[in-house]
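On the provided structure of chain D, position chain B as indicated by the hints.
Number of protein chains: 2
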Amino acid sequence: MGKILLGHGSGGRLMHQLIREHLVPAFDLMELGDSAVIELTPDVIAKDGVFLLNRRGAGDKSDLIDSGQPHNDKRGGVRLAFATDSYVVSPIFFPGGNIGELAVNGTVNDLSMVGAKPLYLSAGFILEEGFPMDDLKTILSSMASASQKANVKIITGDTKVVDKGKGDGIFINTTGIGIIPNNIDLGPQKIKAGDKIIISGLIGSHGIAVLAKRHGVSLEPPILSDTLPLNGLVEVMLSITEDIRMMKDPTRGGIATTLKEIASDSGLCLTIHEDLLPISPGVIGACELLGLDHLYVANEGILIAVVPGNLPGNPDNVSGNTADRLLEGMRAHPAGRNAAIIGEVTDGDTRTRGMVLLKTAIGGTRVIDMLTDEQLPRIC
Amino acid sequence: MGKILLGHGSGGRLMHQLIREHLVPAFDLMELGDSAVIELTPDVIAKDGVFLLNRRGAGDKSDLIDSGQPHNDKRGGVRLAFATDSYVVSPIFFPGGNIGELAVNGTVNDLSMVGAKPLYLSAGFILEEGFPMDDLKTILSSMASASQKANVKIITGDTKVVDKGKGDGIFINTTGIGIIPNNIDLGPQKIKAGDKIIISGLIGSHGIAVLAKRHGVSLEPPILSDTLPLNGLVEVMLSITEDIRMMKDPTRGGIATTLKEIASDSGLCLTIHEDLLPISPGVIGACELLGLDHLYVANEGILIAVVPGNLPGNPDNVSGNTADRLLEGMRAHPAGRNAAIIGEVTDGDTRTRGMVLLKTAIGGTRVIDMLTDEQLPRIC
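Residue numbers (the working numbering), protein chains in the order written: chain D, 2 to 381; chain B, 2 to 381.
Possibly wrong hints are sitting among the right ones.
It does not matter which identical chain is used: a pair holds within one copy or between any two.
Only pairs whose alpha carbons sit at most 20 Å apart, straight line, appear in this in silico EDC-like list of lysine to aspartate or glutamate [what the hints assert, rightly or not]:
no. : residue 1 : residue 2
1   : 167       : 130
2   : 167       : 136
3   : 165       : 129
4   : 193       : 345
5   : 167       : 129
6   : 154       : 236
7   : 360       : 275
8   : 4         : 22
Honestly, the hints are just simulated from the structure, not real lab data.
Okay, chain D solo, but in the shape it has when bound:
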């Protein structure tokens, strides 16, 4: 008897509940992450009549695995990342970007978060009757330029039109395919106590840019959306170390929701420090003005990475301080120049396992949960 609420789309608790109760049982969703990983193993590929794959190593003889069973042997097969996102941001034009580049960058970033190199995108448009052709041209041109910057190709598309009053100008779905390098395998199950939490840039800019425009609030200086492709930064990070535990871009629901997802999925305790969070004075001021908590404001150009730390006794910390080396490399990249280590992972105790704790600037501790209501609808 229930009805869909705006909060079902806001990235927080209601949305997770909707997905867990309805989508997961109906489908074969591999995970709740933003990218599914497809393994085209030699047996799958051979079964479908296409190809014999060689195991890694140029001189090997072809060694067809013919068990017919799915497996995770990364010596054979091609691993693809597959991610989809629909964009319904309102307004469609906002300081620093528009729905078009958001649609390209967002899916590029979802693919990048599993360590994939994004290659191809599809673009599906739902246009409302009466939508100005000039706006469509501007958006298409932004998508073309964003895909060039991100070094991906939009290779297939679809256009539908709905009657006036049955849509909202333009909605865009992009779905992407990327290739996951053979040696990369990221995920929350890899996280360990002693790991460090890195954030790649300033928080809150995208949400503030969109909401200020939506509410007709003029900020001086203006806050621009941070929308950008993260695949270049991720490439740099993976070239420094393959030993990144996991990455996630804190979009809908902000860094609070993303950190809480990571804590829940890993079953460990994440502690972050308020005074280490990179945030601009402009965003702090705008959040006060608009009555928002910056921890829950959407971002479109930053990532959170959990990486091996340098605590004593961490067995992964063999070649110097991984977190510090990563931070240095990230800061040398334009997309990571405000990167910061914001916290660390501990085992937690019976009260704190699966939780996110924020150490406030004045020495207190606040428990951080997911976004629970429709505070910020249609932010992407």
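Okay, now just chain B, sitting in the frame of chain D:
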């Protein structure tokens, strides 16, 4: 200064113009077909650090092509089909199906039309605030059951919610990935004079089912949508002969628009015979009642295939009559039991090249063009 019209989404001339003038120049669209073909060649894959592929043949030594240039050497690489479609059908529930199974079958069929074996789908939902949860459950359950029937997996998804009055209940995007067998290579450039045109089933059912429901017209007996997955039928067809020129499913714009696309793309003349078209008396009656031309009414469970014929002098006609053998095999499959040869391909002359001619039952000739107006919006 133009605006989007409903006709821009109807599959006909306006939509083709929109795609050709705006989408093609902006993006890297490979073709105007419903599936893009991705070739993960050994060089592309190796460049991205993943894999060394063996040329076909179990005993070969690995032979890495390192030219760095894209190529079409099918001896090395994995070819994927990649297709996207957004579904905005109104009403969402109609005789014979709903938007959910349409979204699964439609993308499965787009992949199948390039000869791919569909494997994985994404599902992106745009829900309107207030949409009944029970309707969502029904639709998700239809999608689950349709994906089982089509033997594909929905492995990733996305959910967005828009404010009441800014959507229309539910829109669904599905995007699919399939594997193209090594020996399959279909396309309009393969078509030759002497080829036959086969249609796999009765025309017009889907469009009539949706439009009758939309207009509150009660048909007795009811006309049911023909929505179904075509991959099983395609598998049978390709097992009979790999020498199918091309296939296309005549959805938006009906068989007229699809045939005209094929004629334009091949530069040849397609002639079809009115008295050979498989159509039920119920659809003929309903078309008269609703004032529709059945040639332009959408279908969701049939395909048009161009195949080698048996005209004298056709060099491809070496192992008996390919068209007749295919027809026999198709009719033995549930999705093809009303299959029929409806016409043939000729070189045409300066007046008729790129055209579709309909020979009417009374001996006349009618030139068939694409759907030009918004006759049938939101049919899928």
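We went through each hint and held it up to the structure:
| no. | hint | verdict |
| --- | --- | --- |
| 1 | 167 - 130 | both (9 Å within a copy, 12 Å between copies) |
| 2 | 167 - 136 | both (18 Å within a copy, 18 Å between copies) |
| 3 | 165 - 129 | both (6 Å within a copy, 15 Å between copies) |
| 4 | 193 - 345 | within (10 Å within a copy, 67 Å between copies) |
| 5 | 167 - 129 | both (7 Å within a copy, 10 Å between copies) |
| 6 | 154 - 236 | within (18 Å within a copy, 30 Å between copies) |
| 7 | 360 - 275 | within (6 Å within a copy, 77 Å between copies) |
| 8 | 4 - 22 | within (14 Å within a copy, 41 Å between copies) |
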